[in-house]
Every structure is written in structure tokens, then in C-alpha cells.
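Going down the list, the protein sequences come from chains A and B.
Each residue of the first sequence is one higher than the one before, starting from 1 at the first, in this note's numbering.
Each residue of the second sequence is one higher than the one before, starting from 1 at the first, in this note's numbering.
Hints listed in this document are in silico derivations from the structure and should not be mistaken for laboratory results.
Incorrect hints may appear among the rest.
[Stated by the list, open to error] To be clear about the criterion: a stretch of chain B counts as covered by chain A if any three or more of its residues have a C-beta under 8 Å from a C-beta of chain A, and this derived list gives those stretches: (1) 184-191; (2) 259-269; (3) 318-330.
For every residue, glycine included, the Cβ atom is placed at its ideal position computed from N, Cα and C.
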Amino acid sequence: MDLNYTPEQEAFRAEVRQFLADNLPDDIRERVQKRLRPDKAMTERWQKILFDQGWGASTWPKEYGGTSWSPIEQILFEEECALAGAPRQLDFGLRMVAPVIMTFGNDAQKQRFLPGILSGEDWWCQGYSEPGAGSDLASLRTSAKLEGDHYVVNGQKTWTTLGQHADWIFCLVRTSTEGKPQQGISFLLIDMNTPGIEVRPIIMLDGEHEINEVYFDNVKVPAENLIGEENQGWTYAKFLLGHERTGLANVGQWKALMKRLKAAAREEQDGQRPLIENTRFRDRLAQLDMELRALELTVLRVLTDKRGPGPQASILKIRGTEIGQQLFEMLMEATGQDAIAHIPDALELNYNGPRSGSIDATPAAGDYFNMRKLSIFGGSNEIQRNIIAQLVLGL
Amino acid sequence: MSFDLTEEQQMLSDSLRRFVTNEYSFEKRGNIIHSGYGTVAATWSALAEMGLLGFTFPEDYDGLGGNAIDTLVVMENLGRGLVVEPYLATVVLAGGLIRDAGNEAQKADILPGIASGERLLALAHSEPGARYNLSHVRTSARKDGERFLISGQKTAVLHGGQASQLIVSARTRGDVNEEAGLSLFLVDRHANGVTVDDFATHDGHRTAEIRFNKVAVSADNLIGTVGEAFPIIEKTVDLGIAALCAEAVGAMEAMNAATLEYIKTRKQFGVPIGKFQALQHRMADMFIHTEQARTMAILAASEADSGDRARRREAVSMAKTLVGQAARFVGQEGVQLHGGMGVTDEMFAAHLFKRLTLINLLFGDADHHLAQVSDGLLAKTA
Chain A
1 MDLNYTPEQE AFRAEVRQFL ADNLPDDIRE RVQKRLRPDK AMTERWQKIL FDQGWGASTW
61 PKEYGGTSWS PIEQILFEEE CALAGAPRQL DFGLRMVAPV IMTFGNDAQK QRFLPGILSG
121 EDWWCQGYSE PGAGSDLASL RTSAKLEGDH YVVNGQKTWT TLGQHADWIF CLVRTSTEGK
181 PQQGISFLLI DMNTPGIEVR PIIMLDGEHE INEVYFDNVK VPAENLIGEE NQGWTYAKFL
241 LGHERTGLAN VGQWKALMKR LKAAAREEQD GQRPLIENTR FRDRLAQLDM ELRALELTVL
301 RVLTDKRGPG PQASILKIRG TEIGQQLFEM LMEATGQDAI AHIPDALELN YNGPRSGSID
361 ATPAAGDYFN MRKLSIFGGS NEIQRNIIAQ LVLGL
Chain B
1 MSFDLTEEQQ MLSDSLRRFV TNEYSFEKRG NIIHSGYGTV AATWSALAEM GLLGFTFPED
61 YDGLGGNAID TLVVMENLGR GLVVEPYLAT VVLAGGLIRD AGNEAQKADI LPGIASGERL
121 LALAHSEPGA RYNLSHVRTS ARKDGERFLI SGQKTAVLHG GQASQLIVSA RTRGDVNEEA
181 GLSLFLVDRH ANGVTVDDFA THDGHRTAEI RFNKVAVSAD NLIGTVGEAF PIIEKTVDLG
241 IAALCAEAVG AMEAMNAATL EYIKTRKQFG VPIGKFQALQ HRMADMFIHT EQARTMAILA
301 ASEADSGDRA RRREAVSMAK TLVGQAARFV GQEGVQLHGG MGVTDEMFAA HLFKRLTLIN
361 LLFGDADHHL AQVSDGLLAK TA
């Protein structure tokens, strides 16, 4: 047992850090560190820079153009990226649909879809949830009927994050109504430019457009876009959710925010003293700092476990999202009542207008509101507790 | 970066686990804790035979040269079976202190005796009113020719009544609460002027209140340098805290296992109560707390031997905070999920709860250590 990184791992970290110092554009760094409105072009530019370096997919094996990095190297990479102010890469392609294609897709599908995900050319979104299928995902009703060499898809998906930018959507569709609900689901890749698809924005409580509804009206999808076997989609979906959950611990990003929060606690004034001298605030900061340290080491413990993460990944999802939410809450509280002003224009990079309080205050409340989603998406934290109870504890 | 045990550590863990399961049943333990002595020769010598009592001592003193990770492995298993033997008091605290600060003669005299199981020692440091403040020492050691005369009162001396020798902290100069001016002495428990009141603790261990009235101690029983004992006391307590964190993890694991078993078998409304989601989620939270506590116990053990004081202190306080919070949560929920049975003396869960509660109180509760980490943040940013 040794909690220190090896010299090789430290050298790797240094290499990543140097790369970031040399290649992360200043405007992107500024946008991320000031927590301004994310932007499609920014995500694409950054993905292209990583791709050119050969680091486009830190979690993929080399044979598909990935890095074949060890779990520790992946974590170090993510952490360094977050600390440097690099934007999060788009999970939907890289971490969600890609592992499914690699594991269950055929060669033609791998050749067709993986390169676009890697280069960032193709923007993917997720078609899982429906108005009537949230936590009870298997009750989904969007139907796909095979007619000759294509499926005809009808129905509605919701909570489609960044679907307004998407070129492709990976969907769970119902191909059979026989047997248990889980048994009639298939995994289908759909071109967002296909006639019959309509994307409608859902404005979230922070006033931002991040989420969408996607409607399918007799959408023709080539049968070759089916992943694996018909009616086996639930297996692939669960596989994907396992991958998603490990990523949801999000330690690197939380460490970067913790650093920001500690700085804010020094910068913000509490009357005649810096906020950090307020014991009640500082104790909560210390508590959160410890919980983040525990999460960080638990992630490393789970990812280096030779038995693989398994349902234990649910712990990481629960703790990761709870800690993330508390970080955003404290970032808001640190700015005090300066956080009350809602100034949507101030979330743009070149904003020079008036603002309320420090620049930290501008995104503070909006981010806090937005991040309530963390404990709800990716399988709500209550669903994660069900998973632990049933799959780990056998209840 | 690795969280794996070595092959030797794994073997040790397996054999100790077997011993606790097979030889330290709940019934047997019940007899031991009601015996009024708090340690039984059979258990203690079995631990000695397994090499556990000198585990972290150098090989020159009949030890195995182990480290705090080895202690983690031992304590976790002792915690799982709620073993009440004075492993913490004698091996981790007193033995660790002599190993780290004793002179050649003291090590040669004491460590082999601990390793063989023949000698029990205890650390007499805490005092009334000190709460968790390690420098709060009023007990004085006055120089009297070639010897020292020790006077004062010690409280919460773990297994003090069972030890043949005490390691006593006393002030050779300075005011109460000053870190400078503390010294450590080896004192025979039966020496003139030593009065021991031995008590059972709620969790089946033993504790003592000890008074010293002008107890004469020769200069060769001084441990370390006069007036400079504080760092060694602090380090010893940190080793003790790391050990307690590991013990708590073992006890939490046992609590989860016992509770899981109970809610899978206990039926109400025609079904096992574990079918109810209200209980499932609490059980899931107990599991999450325990896993997090395990991580922090590993962190504490990894840093407990560290020469970097700030790093060691931060890791130990972080661990004790989160382990303490987890111990409280798992202990209380474990009892709650056992229903009425959970508050009876006949259930293992009740005893686990008591140990977990007392572990939280020992060497600083979660609030105390949270404040340590919090104040550390302030110092870092100053």
C-alpha cells in the first residue's frame, strides 16, 4: 500500500501540465475559470487540440486512437486539465456511446463512428429519458419499427443535454412490447439531420438553454445503425451507465473548484476580516475539503481495484455529485448577497458592463441552481442507493 | 499509487480474521468483559504467538519491523471482533512511544517483553480539564537530586489498571498548555505514591484514573530529553488515532454485516424488513460511510509514520473527523435498523455501537479534528 504517485506518474503529470501550459488557449482558459457560458466552438477547438496531440480520448485503447493510459494516468490527466482551466470534453461521445460501440458494435460501426467522436467533428447527445420514463427508464415508449432496411422511429426524448448542437443521438427505443419492459429495448444511433426530428429547447431554472426535448415523427433510420442485437439494448444501456457513473465523480473539476473556493474565502470580505476567518464558514469549507479528499482516494481505490468498479461506482456518483453541489453552494455563499443579481450578458467573454460584486458573484447563483441536476441525472441518487442496496448488499 | 496489501499483510489479515471468528466468539467476549480484568492470558498470548505484539518493533527487539499499515491490518480485524485486549494501549501507544523515543537500554528492557506478551504498559497522559488539548499538562516532575518527584492526576488511562508500568507525561517547566517543558517518565504502577482507580469502560475495555503523589523516579527512567516530549507525545497519539480509525472501520464492517443479516431475516408485514426502501437507503448510506471511512483510515495509516509533521497531522485529523462521523452514523443506524433488539445487551450490534461511540470520543471527536483541519486551512492561507 502506497498512496504516493510513482516517479513515472509524476513525470507524466509534469508532461501533461507542460502541454497544457503551451497549448490551452487563453480565451478558453478565461472562459472556464470565470465560469462563463459554455460554447460549442470552444469545446470543439479544445477537442481538436487534444486530438492533434494524440490525447483526444484519454479513456480509449490505442487501437481506436486512444491513449491506452492506465486509470491513474487518466485521473492525472483529467485533474491537470481541470486545474489548468481546460473545458470538460464532451462525455456523450467519448465516454458514453464510444465504449458501447467498441464493446457491442460491429467493425463497420466502429470505423464509421469512432473517428468523428475522437476528432470532435461529430457532436453526440443522449436519447434515454422520456417524459414518462425517468428513473423508471425501462418504461420508455419511443418506438422503432423495422420496415425493410430501416427503422421508423416515433416518440419523444427529453432532458437531452446540448442536443441543440448535436449531429448524432444515441437512443434507447422500444422494438418489442412483449415480455418484461427491459426485454424490448434496442440501442439505435440516429443522425440528427434526418427528416422528422425536431429539437425544442427547455429553459432551465438558471435561465439558460442547455437542455432540450427531441421529437421523432416517422424518422427513418438505417437498420445498420442498430448496435448489437435487437431487444438487447438494456444490457448496453446499463453498461453505458456504469461508465457514466465513474466519470460523474468528477474529482479533477471539483479540485479546481475547491482551489477557487479557498481563494474566494480569502478574497471576499466579511466586514473587517476576510471570510476565511469566519469560523462557521471555514469549518464547512474544511469539512467539504476532507470529503473531497476522501472521494479522490476512494476513486483511486476503486479504479485500481483489480476486480473492477462494478456497482461500487454508485458510491462515486452519489458522493461526487453531493460534493459538487456543496461546492457550488459554498461558492455562492462566499459571494454573499452579491450573488442575487441575474445578469445573463455578463456570462459572455467580452462583457464589460456593470456587475454586482466580484466576478465570482456573476455565475454563482446560476451555477448553484444549475447543479441541482447533478443528483438527479445519470440515475438519481435515490436510484443509486437502490443499486447499492440490491446489487452490492443483496437486499 | 497502490491500495493493495502485500502478500504477508494479506496472510496476516486472513489468519487474524480466522482467529477472531473462531476463537473470539461473542459469548466468549461476554465472559471476558464481565471478568473485571479486561484482558485474558489466552487471547493475549495467542496474539503474541502470531507475532502481532511486537509487529512494529525493530527486529533487534524481537519485532518484525512493521509499519502503520500493518497496524491498520491488525486493528481492523480486532475491530471486527470487538477484541478488548490492550493492543492500542500497550502495543500501539506505549510500545510505539518506547520504540520511537526510548534509549537503547529502555528499548532492550521493554520491547521484547511487550512482544512476548509478558509485559503490559499504558500511556498516562490525559488530565482533567485538558479535553483533547495535548499540551494541557499540570502533573509536575520536580528535580530532587538525581531523581524526579512526580505529582499530579491522570485520567482516561487506557488499561492503566492492567499495566505493570506507566509512561507518564509531566511538566518539568513552563505553564499548563505550553508545549515546551514536557517530559516523559517510566513509572512502576506499584511504586509508592501511585494510586490507581480501575474502571470498566462502556465498551468492555478498561480505563483508570491515576494519582501521583511525590512519586520518586530515577533519572534513567526519563524517556527522551527533558522538556522536549511534546512532539513525541503528539506523534504517539497520531499513531493511536490512525489505529483507532482502522479499528472503527472493522467495527463498522461488522455492524453492516450484522445489520444486513438482521434486516434480511427479520419479517414484518409478511416480508423481510430489508425489502422496505426506507431501510435499504439507510443501509446503502451505512455502506457509503464505511467505504469512505476505510479510505481515510488508509490515508491516516499511510501518513502516521511520516516525518512531515504538518502532513501527518492533517491526514490524521481528516481521517478522525470522517471516521468519527461515519462511526456515529453507522452506529446509530445499525441500532435503529435492529429495532428493539438493537438496544438490548444481547445483540452484537449494541456492543459495536458502544465501541464506535467511544472511539469517536478518544483522542478528539469529529468536531475537535474538524477544527484542527479548519484552523490548518487558516494557517495555510495566512
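Hints and how they fare:
1. 184-191: Coverage by chain A is violated for the region 184-191 of chain B (0 residues, Cβ < 8 Å).
2. 259-269: holds (count 3)
3. 318-330: Check passed, 3 qualifying residues.
Checked against the numbered hints above, the structure breaks only hint 1 and satisfies the rest.
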